[in-house]
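Novice: Here's the letter readout for the chains.
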Amino acid sequence: MILNDALVAGMNIIGDKFRDNTIFVPEVLVSARAMNAGLKILNPVLADAGVEPIGTAVICTVKGDMHDIGKNLVKMMIEGQGIRCIDLGVDVDPEVIVAAVKENHAQLVCLSALLTTTMMGQKDVIDALVAAGIRDDVKVMVGGAPITQQFADEIGADCYTLDAASAAKAAKRLILEGKTA
Amino acid sequence: MTNRERAMRILHYEPIDRMPAVHFGYWGELLVEWAEQGKIPMSLAQSWGDGNAADEELDRIIGWDFNWSHVVGANNGLMPPFEHKVLETLPDGTMRVQNGDGMIERIRPGVTSIPSEDDYLLKDRAAFEELYVPKMQFDPSRVNYDYFRTFNETRRKDIPIGVHLGSVLGSIRNIVSVIGMSYLMYDEDEDLFADIVDTFADMQYQCVEEILKTGAKFDFAHYWEDICYNSGPLLSPEIFDELCRKHYKKRNDLCHKYGIDIISLDCDGVTEKLLPTWFETGVNTMFPIEVGTWGDQFEAARNKFGRGMLGVGGMDKTVLRKDRAAVDAELERMRRLASLGGFLPCPDHRLMPGTKFELVQYYAEEIKKIKI
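Going down the list, the sequences are from chains A and B.
If you're matching positions, the first sequence starts at -2 in my numbering and goes up one per residue.
If you're matching positions, the second sequence starts at 184 in my numbering and goes up one per residue.
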């Protein structure tokens, strides 16, 4: 009840307001900080009660990209949807991402790129997932300042969203779709 | 007609003989690429900076007329800066570095991307008053008086040169990071963030005033902010207005008093929601109008704000990685926007790796054929 009716429901409201441009990054960050403080208290209780996250996402910025504000924002919002996030950090090799997907049985990979010079790193990850034979086991979501729907389509990503709130909702949808597929 | 006259006439809706070929510089990696391809000397790639001798030499080689970001100003940052030092080297080679602003960044050798923000020193009023207030004070050593007293005689007279007005909020974001800025706005000491903005802004105002008092004449004044991203502003437009309006107004009024009527502002991303604060206080020229995030928004913003809104930028630099047909299509779009008046085409940010040298030369040559 505390998780679903208070923390998650609260973050959903924050997400909607953020998507609608009625609140902005600072309000989301402060809300996410409060959410995480609540989760820190709640997580041991949930674990004891056998409550599982709805799924697992691997998240990072791609090779060559050190800029992680957007990635961190998306991570906070995704966690707010009850999804476990494996945060690999910044400037991550495709092989490391593939290994993390396998090891954690992730259903979703979230790739961030801030720069036009690093955006092709998202395609490198998708290529690595194909080469490893696990592309069909995982959904790939891409985002970042230079990314567009057209670019996402060109590189074969499953999902592109413009903002962190939409990313969180899409992440939940993709994971739930995967479970019913 | 000089390129200085052309640019200023465009921004005052006056006819010109031809469009100047204006740019906004390069990613360092691109210049190295071009040097390795034998297009330019490596020495230029290694020494390039906005408006410096290497920039002017590249203008001659490529065919550009000038770099819009040719501005001069005072030392309006933290003074003295914090010691730049490596705090820790992690097993994977990542270094945690304290920079001159007191920000702790993660830097990985060989990666030239904007660093990852890890931590920051300015977390509370005690840190502000002890560590930062002394570094945010005006001191005459911030201004090179000798340079500005002879500026009118020694400056290049054929291109526009601006006076740098500093930044009202962008510099603060550089000091405390986006996360720090967000927390400081909402943590217990609710006046602290406004005090930080006010203290820094007062010093920057004095820097500009001292420069203008020397008698140096400028073609335009210029802010740097970078306070927006691809979804809009990094903070609420209402809070932005509350914190910043008075400082823009004060600095812009000062410019007007000294006869500067073109006040440009460099802000990446989707700036639409902040435009009212800027335009109502006297900023009138948006730069570099990132097409990748704005789309065709210059025209939309012009329709919304009228002829008082001027623009420098708005040219989709990515076509310079493609082919002549893509460049021709963009030139046609530039021709249409230029016909509105008050718009000076310029690539919408630094030219990036993969940009084709010959296409840049072609663009610089063709843009000059536009007449208004």
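None of these hints come from the bench; they were simulated from the model.
Any given hint might turn out to be false.
As the list claims (entries may be wrong) - Facing chain B, from chain A, some residues (calculated, C-beta under 7 Å):
#1 Val27
#2 Ala31
#3 Gly35
#4 Asp65
Stated by the list, open to error - In silico DSS-like links for lysine-lysine, alpha-carbon gap of 30 Å or less:
#5 A:Lys120 - B:Lys487
#6 A:Lys166 - B:Lys456
#7 B:Lys400 - A:Lys14
#8 A:Lys120 - B:Lys539
#9 B:Lys487 - A:Lys14
#10 B:Lys306 - B:Lys400
#11 B:Lys551 - A:Lys14
#12 B:Lys429 - B:Lys440
#13 B:Lys306 - A:Lys37
Remember, predicted model here, so these are calculated numbers, not experimental data.
By construction, the Cβ of each residue, glycine as well, lies at the ideal position given by its N, Cα and C atoms.
Novice: For each hint, tell me whether it holds in the structure or not.
Specialist: To see whether the hints hold, each was checked on the structure:
1. Given the 7 Å rule on beta carbons, the hint for Val27 of chain A holds: about 5 Å separates it from the nearest Cβ of chain B.
2. About 10 Å separates the beta-carbon of Ala31 of chain A from the nearest beta-carbon of chain B, more than 7 Å, and the hint is not met.
3. Restraint check, Gly35 of chain A versus chain B: the minimum CB separation of about 17 Å is more than 7 Å; hint violated.
4. A cut of 7 Å between beta carbons decides the hint on Asp65 of chain A: the least distance to chain B is about 5 Å, and the hint holds.
5. For the hint linking Lys120 of chain A to Lys487 of chain B, the alpha-carbon distance of about 38 Å lies beyond 30 Å, and the restraint is violated.
6. Distance check on the hinted pair: Lys166 of chain A and Lys456 of chain B sit about 25 Å apart at the alpha-carbon level, within 30 Å; holds.
7. For the proposed pair Lys400 of chain B and Lys14 of chain A, the alpha carbon gap of about 47 Å is over 30 Å, so the pair is violated.
8. Only pairs whose Cα atoms come within 30 Å are accepted, and Lys120 of chain A paired with Lys539 of chain B is accepted, the gap being roughly 22 Å.
9. Restraint check: the Cα-Cα separation between Lys487 of chain B and Lys14 of chain A comes to about 25 Å, which is no more than 30 Å; the hinted pair holds.
10. For the given pair, Lys306 of chain B sits about 40 Å from Lys400 of chain B by alpha-carbon distance, which is inconsistent with the 30 Å threshold.
11. At most 30 Å may separate the alpha-carbon atoms for a hinted pair to count; Lys551 of chain B and Lys14 of chain A exceed this at roughly 46 Å.
12. Between Lys429 of chain B and Lys440 of chain B, the direct Cα distance comes to roughly 16 Å. Compliance with the 30 Å bound is thereby established for this hinted pair.
13. The suggested pairing of Lys306 of chain B with Lys37 of chain A holds, with an alpha-carbon distance near 23 Å, which does not exceed 30 Å.
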